[in-house]
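So you can see what is in the structure, the chains are spelled out below.
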Amino acid sequence: MNAQPQDTRRVLDVAALPRHAFGHQGLIWWGTTGFMVIEGSMFVIVLIVYFYLRLQVRDWPPSLPDPGLFYGTANLVTVLVSVLPAYIAKQKAEAFDLAGVRLWLGVLVLFGLVAVGLRFFEYFTLNCRWDDNAYGSIVWTLLSLHTLHVATDVGDSIVLLTLAFVGPNSKKRFVDYSENSLYWYFIVAWWIPIYLTIYFMPRWL
Amino acid sequence: MSDFVHPIERRITITLADEERLRRQLAETWYVPRGILGWFSVTDHKTIGKRYITTAFGFFIFAGILAALMRIQLAVPNNHFVGPDLYNQIFTVHGTMMMFLFAVPVMEALGVYLVPLMIGTRSIAFPRLNAFSYYVYLFGGVMLVVTMLLNTAPDVGWFSYVPLAGPDYAPGKRADFWAQLITFTEVAALAVSVELVATIFKARAPGMSLNRMPLFVWSMLVTAFMVIFAMPSIVTSSSFLLLDRLVGTHFYNPAEGGDALLWQHLFWFFGHPEVYIIFVPALGIVSSIISAFTWRPIFGYPAMVMSLVATGFIGFGLWVHHMFATGLPALGLEYFTAASIVIAIPTGVQIFCWIASLWRGRPRFHTPMLFVAGFFGIFVLGGLSGVTLASVPFDLQVHDSYYVVAHFHYVLLGGAVFPLIGGIYFWFPKMTGRMMDDSLGKINFWLLFIGFNVTFFPMHILGFEGMPRRVYTYPDNMGWATLNLISSLGALLLVLGGALFVYNVVRSYVWGLAAGDNPWGAETLEWSTSSPPPVYNFLHQPVVEGRCALWDRSADAPVVTGIRSDIREVLITDVMDAEPVTVAEYPEPSIWPFLCAVVTSGFFIGSIFTPWAVPVFVAPISITLIGWFWPKQRDRERAMEEQAEEGQTPPARPLKEMREVRA
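Here the protein sequences come in this chain order: S and G.
Mapped onto my numbering, the consecutive letters of the first sequence carry residue numbers 672 to 876.
Mapped onto my numbering, the consecutive letters of the second sequence carry residue numbers 85 to 747.
Only chain G is shown next, with the shape it has when bound in the complex (with noise of 0.2 Å):
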């Protein structure tokens, strides 16, 4: 570290006509390529970020009109509505949907929008790689959606247990489809993750060490590396099944010395995980909407931080615990049955901290915070009902029935989906510079919080009946029939609130009122620059000086000086402290990205038909790779003005290093 620069701190005027000649030139050099072509070569974050979290919405709404449609063929005993193929189709396509192409992307789609607004950096860390990764997403999940209207999707459940998904009892395409939508999302969610950490770790704002990161950033820099941990786990179960549906390998076939049950356990090490990836990011919206509120910094912060990174690491100690109907040794049960309750200890050290919080501080209840408030009480009874379910016995009795098919929507729509729905309310001034209607809002929640509960509190009882998940319909003379119609009409209202959310959501794009910088008051950076933020996100680097970024703002606050804005310089940090380190080029927009992922996603699906895809795509991919690489106008004057550099100043390096640099 001899060579190790330190910035300079010092005291100069800047006009306001300096800042208008910087903000044109910044606009200048950040901007979002125009046309149709341009359209396909954005790397801005925010820009991604809102294709990615809209995208996510739209596959929402087609996976939630299956479920509208499950609960119409179940409203009443011997229905014929939907048959029983398309019912597996639908419920498959629902579960797959809402887990791989709704919940874990528009996770990440926030982290992708906010979190360099968060920490008071320019953009993302390889933006480009952030541009393929959504292409990737959205093709994969336009492929599901296409098989899903061709009367072709996979019908094997989201989970795709073998020996039904393999070979043998699943001919045809359609779990092949399955596997590569898998496939598909890994790749976009395992780009992104790597983005985060990297754009975490290293592009703060100088002041911001990691022990004043806002939480939702912790809460993004721990699912970023749970999907890390957690995603290649399904990578390759997915790949197995192909490579046993496909070419005849058998992983998963007992008879050649192959086995069933290694699905279950590759598939959960990552579906425990998954879980958590989904709600952690969730925790980190309800803190900062929680802090908002009440204008105060969340209560217990050192303790909230390590309650998110333990849940990170305790929930990959878990998996077994849905497979305790496999008949694995009791032994090993036991000790998941332990960790199972073992989890409940950091989410209900937050939820204290939570109430801690709120206890003295005023809570505003702005439609945002009614979300968080209907959180806490759905969550809590889905959590209560997951720690029943981690008892053994008790697990044997209820599994594959509607108790479990209750207890992970309280969990999942209780811990991410109420949540999430108030990050919106909440964010939206920030993203479009317009403000939600508040009193929409409030009946929005209420039409959500009365019909999620009408809709799958009876499913706890039904479970208890006996009623098993997944089957398309029911005799008469079961006894089901009242508490599945009463479940079937809160489904409606659940549709309602939906339907109302679009509405306020594009009432508000158009007709809302103008939002301001920081309408809720609250303390993240992102509230310090203007709604919707500019291309380049901050006129200056912030510096910051405490927890609460900008609550804890000295009147003479530092700013950051010395980046170049006529090429997208941004400032490196180091991990710990946010010290400058140095100062990185982010690459301009590409259309290669896009291009890449066309011939990706084109391999994948290929490959769903023939293994000679395989060797067909190489050359594609790589033409694309390269050509994503390949250097561009910028990097020779980049290199020019090195040059140029070297020539006027002393070399940094000794000079029997030097000898054959250059001509």
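In isolation and in its complexed conformation, chain S is listed as follows (with noise of 0.2 Å):
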């Protein structure tokens, strides 16, 4: 090694390396993660919440009538549907397929809006009120916090359609239209326990 020329240097030469990468090896994918699993955490503690208070009266629900489950469960097929159209967009875009994620992440935003109308209707089946009594505000809490998540990402993904429409499509572009099928998996599983929790616990506890 000290034999080596003065006037060189060793080098690490990255050049030829991606400048673009999907899944765990890019930072797009630790950023969305990392908010995936804080907000699973408040999943967690809002479920473990509704389980402790459960434990504070005899009657679950204290004084009020089940929730109805015609919108909840129309709600989860649909978000539950709605993973096909996520998975094949996110698909198209690992293949830099323009075409199909433009026709994808449409129809993906089509199912998050009709999922986001169907909440309206949930708010009204739900037979209480969130200042009824503890169990109301738990459940109220649970669904708008869920609510919120598929807002958000019904709104991000209507951004994502239109830059994928206007462009500019760099390969980089194309790594936020896969992690955003990514995101929306995330708040599809989470609506299974809510959804159970919120539905069938009253009628099971």
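Hints are computed from structural coordinates only; laboratory data are not their basis.
Worth double-checking, as some hints may not be accurate.
[To be verified] Below are the DSSO-like pairs computed for lysine-lysine, each with C-alpha atoms no more than 30 Å apart in a straight line:
#1 Lys526/G <-> Lys134/G
#2 Lys526/G <-> Lys843/S
#3 Lys842/S <-> Lys716/G
[Stated by the list, open to error] Short, incomplete list of chain G residues facing chain S, as computed with Cβ under 7 Å:
#4 Val281
#5 Thr333
#6 Ala428
#7 Thr645
#8 Gly646
#9 Pro715
#10 Gln717
[What the hints assert, rightly or not] Just a sample of chain G residues kept apart from chain S, beta carbon distances all over 10 Å, derived:
#11 His164
#12 Phe324
#13 Asp522
Each residue gets a CB set at the ideal place from its N, CA and C atoms; glycine is no exception.
Two chains, each in its own frame: build the complex with the hints.
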């Protein structure tokens, strides 16, 4: 090593490395995942509070009717089916297929809008108000916390869809299209335990 | 991973003229914008880090003045210097500000400044989020200061227990300001934590595998994870409190199926890890200082890392020891007693590793090292009183007494503030290019060390003698007068020490001796660049060859090339081994994070007064976020560059998947 001439220098040339990365090799994935962990922890804590409050009273729901099942279940079906366009949009993004992204991200936005619409009616089938008692408070909070996430990601998807049409669509942007689906999976996955808690715990517990 | 590209190792000639050209171009690319608009658009991690640190010390001084007011009030019995209402506000704002606006942010701020330098990268990941975080933090803190100055500050204690803080017993808006302040600081802290995790995991210099990472970086990593898992709990609980107070929910109302203890569980599930969120970075500071002032690597690196990680985990299993006096089932309490004693083990391991490092290291006792020595003395004492508090019968005796006040000041000042001030003396030369005055530093240390012990040691005894915390005065015949007077005189020394510190900072900033790159001969990468570092941190990103990056560096150590200097490119490496995997492009400075922070703050403050703030602020927040993410000039250039590139080189992906890409 020491015999090397003075005027040259050892270098690690990374010029050939890719300038974009899908998944966990890229920073965007870490940012998205970081916030998913934070928000997931929040969901866990709110769910724990639900069961903690259950322990404080004898009847559940306390002197209120059970929530109606129709809109919540319709929402569950909607978001579960929406995983398919989200998945295809992700695949298309990772293949840099702009037309595919436009189409399937558009379909995903439609599903998201339907989910938000159904959510509006869900509030009327909870059969309680947030200020009735602690049960009402936690049920409204659970639903609203999830609604906030659905609405935010639908808004986010609409912005991305707009960008897909107006451009510019550099490869970096395709990473955004791809990670958007990841975040949607997260929101859909959390709806399952939250749905079961809101609609079935009053019946089972 | 079929398309995985490896970097190429080779030898090239780099002339001085090349380096000069590179230096000029990097300075241009990574420019810090100027002017008023520019000031609010800065995303450089060092600028934001310094603002963060300065702001945090500003709040430290404000909260310190409040503490001095309390000591004046308590110096003699039956004092009427401040009345009970103002006193309640003072101790609440003192505690809240020290915990939420000083201790946690200042540690994260050190991370924001130092981590990218220590791991050999050009900036922090998500630099705009970093700027946003700073402004949200700043506005939240200013809100609390304003409430204090308007005599309408929170007055329910820094942990704001319900039912006292609930709608029935705390009318008005005071408790709401407290709860919303929490929201401000949590948003800021969570954002920084995500940035730090991403930066530490993905932007380390090639060769800096996890087992070569500096202990300070490990401590920031553990802290960031603790923030990520602990803070959602306080976000939830303070939101519930706001909802109870503003829209009539019943989370903490036992009459309607709620529960007051729920608050304590949620608060302390955050609040205990919070102590370690403050303390763990301090451990990293201590390790940095000891290794620099003994010129030896820290003894037992794996044990140190394991202890940090173990502390991070066990810290989540202790929260109920704040609730021993609430009448919870005895069996549950025993678990938490055990856990509270167990956490002394990883801390003990670290202390013994440091002792081993010092044993043959011939430590040089410059000011930073003195503060570390002070940390040992004070923190061990605080740790021991902590072990006594883990015993339920003892805890019941001294609960809510001055013994507890003494304990947590020993732990927090000894465990965090002493290392922090040592850390400022240590890194000040790097941040400003000037040394702090060492003689003044030594006087500074002794004033603070003696002042601290004179102030807080008597509080142990006051606690035994039954003096409860948070009383604004006490009668003559209780026998507490002498010790309180001693304590207040000690506080005077603390104030002098604090003032001397500020004086030394200002004086050294203007007249301090030039520091050079590495005045202490320390081992970590931040000392390999100039002081203060250039905006782009390193001319060539370094390649790390050993655990002590600078001490283990061979004469022919390679550097990274092939990163564009005309745009803000940063090398991204893999999590475990820091192998280069891709190159990311960081965004340009932008005013949008600041604007977004303004409207977000408006939303937070507005929602204290009316729920209509929610619909009113949805649009402005969305607009600023869209502005933040909307494509800029550089995005169009990138797309064009890629198009041009694709015209020349065959696509990396199979053709069938390429059919629709670009006209």
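Hints, verified against the model:
1. Distance hint between Lys526/G and Lys134/G is fulfilled; the C-alpha atoms sit about 24 Å from each other, no more than 30 Å.
2. About 52 Å separates the Cα atoms of Lys526/G and Lys843/S, which puts this hinted pair outside 30 Å; it is violated.
3. About 15 Å separates the Cα atoms of Lys842/S and Lys716/G, which keeps this hinted pair within 30 Å; it holds.
4. With 7 Å as the threshold, the beta carbon of Val281/G comes within range of chain S, its nearest partner Cβ sitting at about 6 Å, so the hint holds.
5. For the restraint placing Thr333/G at the interface with chain S, the shortest Cβ-Cβ distance is roughly 4 Å, inside the 7 Å limit, so the hint holds.
6. The beta carbon of Ala428/G comes no nearer than 27 Å to any beta carbon in chain S, farther than 7 Å, and the hint placing it at the interface is violated.
7. Taken as an interface hint, Thr645/G checks out: its beta carbon lies about 4 Å from the nearest beta carbon of chain S, inside 7 Å.
8. The restraint placing Gly646/G at the interface with chain S holds, with a minimum CB-CB distance near 3 Å, inside the 7 Å limit.
9. Annotation: Pro715/G was flagged as interfacial toward chain S, and the flag holds, the nearest CB pair being 6 Å apart, inside 7 Å.
10. Below 7 Å, beta-carbon pairs count as interface contacts, and Gln717/G has none with chain S, the closest being about 10 Å; its hint is therefore violated.
11. The non-interface label for His164/G is consistent with chain S: the shortest C-beta to C-beta separation is roughly 42 Å, beyond 10 Å.
12. With a minimum CB-CB distance of about 8 Å to chain S, Phe324/G fails to clear the 10 Å threshold, and the non-interface call is violated.
13. A cut-off of 10 Å between C-beta atoms confirms that Asp522/G is not in contact with chain S; the least separation is 37 Å.
Hints 2, 6, 10, 12 from the earlier list are contradicted by this structure; the remaining hints agree with it.
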